[in-house]
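Novice: Protein chains in written order, with the numbering used here: chain S, 1 to 545; chain X, 546 to 672.
Treat the hints as calculated values from the structure; they're not laboratory data.
Only a predicted model underlies this, so the values are computations on that prediction, with no experimental measurement involved.
Where a beta carbon is used, it is the ideal one built from N, C-alpha and C, also for glycine.
Errors might be hidden in some of the hints.
Claimed, not checked - Partner residues are not named here, just some residues of chain X that face chain S (Cβ under 8 Å, in silico):
(1) Phe-557
(2) Tyr-558
(3) Met-559
(4) Asn-565
(5) Val-575
(6) Ala-579
(7) Gln-582
(8) Glu-617
To be verified - What follows is a set of in silico ranges between Cβ atoms, one per label pair, in the way DEER data are often shown:
(9) Glu-18/S to Asn-565/X: 32 to 40 Å
(10) Asn-636/X to Gly-35/S: 24 to 32 Å
(11) Pro-619/X to Thr-280/S: 39 to 47 Å
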Amino acid sequence: MKSREQEYRELFMAEALEAYDAMSQHMSVLEKRPGDEAALNEVFRLLHNLKANARAMGYNEIGEVAHRMETIFGQIRSKERPFAGSMVPVLFSGIDVLGGMIRTVGANQALTENLPLIENLDRVIAGEEPVLEEDSEVGSEEDATRKLELSDLVYIPIKKLDHLLNLVGELIIDRDRVLTLAQEVGDPTLLSVTAHLSRLADDLQYSVMDARLVGVGTLFNKFPRVVRDVASAEQKQVELTISGQDIQIDRNILQIITDSLLHLVRNAIGHGLETSEERTKAGKPAIGQLTLSAQTDRDNVLIRITDDGRGIDVERVRRKAVERGVLSRDAASRLSEAEVYTLLFEAGFSTAEQVTEISGRGVGLDVVKLAIDSLGGQLGVESKLGAGTTFTLVLPTSIAVKGALLFELEGHPYALPLMHTDSVVSLQSDRLHVVGGTLLAKVLSENIPVVRLADLLSDHDDALLPADRSKLVGAQDIIITSYNGRKLGLIVDRFLRQQDIVIKPVSQPLDMIDLFGGVTLLGSGQVCLVLDVPALTRLFLARRP
Amino acid sequence: MKNRILIVDDSFYMRTMLKNMLTDAGYDVVGEAANGQQARDLATETKPDLITLDVILPDNTGLEVLKDIRQELPDVKIVMCSAVGQEVIVNEALESGASAYIVKPFSEDKVLEIVGGALQESGDASA
């Protein structure tokens, strides 16, 4: 778990780097227009913050420089003296030195005081002439006297960790196999050795998984910069709030969602948030709010991107769907709000009228969806017209092991990832109704389509035969799956148990069938197919009678 | 009833640190504002018991925000936050009705002492 100190340090770094970039920009403005009040005020404010934050972190070397710079800019700002003459190169080198110090903090190295600069700043404050030196000499002297220190951290290429994880996966499968065999043999010594082996394998698995975890902040902290750039390109005023940076997630998962998150944030600024004029007209604060948050929810990590912008116009999405020939007018009007939102994730669907350079078109939401699907995650959207939109990414914490529900169908074990399992019910057949050829189950006052999994998996080129309730006798074990806001009940022969499984990719030619997300080996040595809920849901929609 | 606090500071880092300190001490942080406009909006909306107010804000000086909020919410306690070097503004703030001030960088004890003191102060202490 990340300590608060680390969190503060990351926040400090993100803000300090941003401040440094902004100050450099304002300095180049001042070079051209020395009296630019906006630039003077901003540099003054940024230096003031940097000083306060650096001192709070104990980076007094930064505080000392920033404090003197702030004093000088305070004098310029209040028109006691102009931004001119020999002070200008000193102020520029002051900004450079601050940038260097911030990077030094970022690299976990010790800060050293820059005395020549401090003396020059003091001279400028006192109204004396600074002594201008060649910077390079100072630098080389520092380099020559630097001590050699080895870092406590080791950087490991992620490929090596991937390999380690694969090996652990194989080990877990063998462990389950050995455990089952030991139980069959029943020898007490063998049982106690396998129990110990089992614990070791567990510890090893969690250690490897843990070594791959990084704070969501490592990605989130790149966003203040992104938001600033996109907002200025879109000519919008946006304030970004970030929370949950210390939530831990597998590094590769973070890598896979990087583009998706970037896309959603650009989308939120480009299409979600309005311009200041539009917002003021609508009676909202002029500055748009964008929130990037992470939290854990059982074994999952939830990442939310929320804007307080115009929200999704459901009617417009409906019209667009009809125009594009995705749906008939009738079908479109029957869709619930939640169903309309899922249309946004269809390939090439866009509602934005203006295509801007940065945020691009709505195309890409389908790509975001595919990326999340590939991780076995979920993507959801909630929106209120005029009030804003929230995209929620539900992601697994680790890619190695997944919670799964095991069940039996026609004598074979199958697994369904828990991520896509909504609930499990056992219903008498008279609680199921046939509507339009499809079985419907009423679960918690919600009508959910139900299908016999055996029917769905067989002959999957043809439409399903209309449901026949007389074929169902007695209590039916039903797994309610959920994907993209759509629920589907699958009738199976028998529930087995819940278990953590290691999913291996399926080999050819089974791989051709995208219904199976992979395969796992059970302790009994039996091969167990892992069903892919997105594919099953799509298959059901294509085949429903 | 927990005392409700609004944090106004343009630095995300500072806001996070203050929020953690105050939340850990059992206060209810009802909002965070990064500029003057947000500070006014959130103050009106959340009607906090106390506001920590940074003296230097991007769209306005903290002083103007202080005066506006004072007018809108005469009973709210306001604690100014500033790094050293801006004593002139802090003094003016105290004359304009701020209850107390904290100098950055601040220790957790100091913050809690000043915030707790300001909240205990009787309502007519400020002009």
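Novice: Please flag the earlier hints that this structure goes against, numbers listed from lowest up.
Specialist: Failing hints, ascending: 5, 8, 9 and 11.
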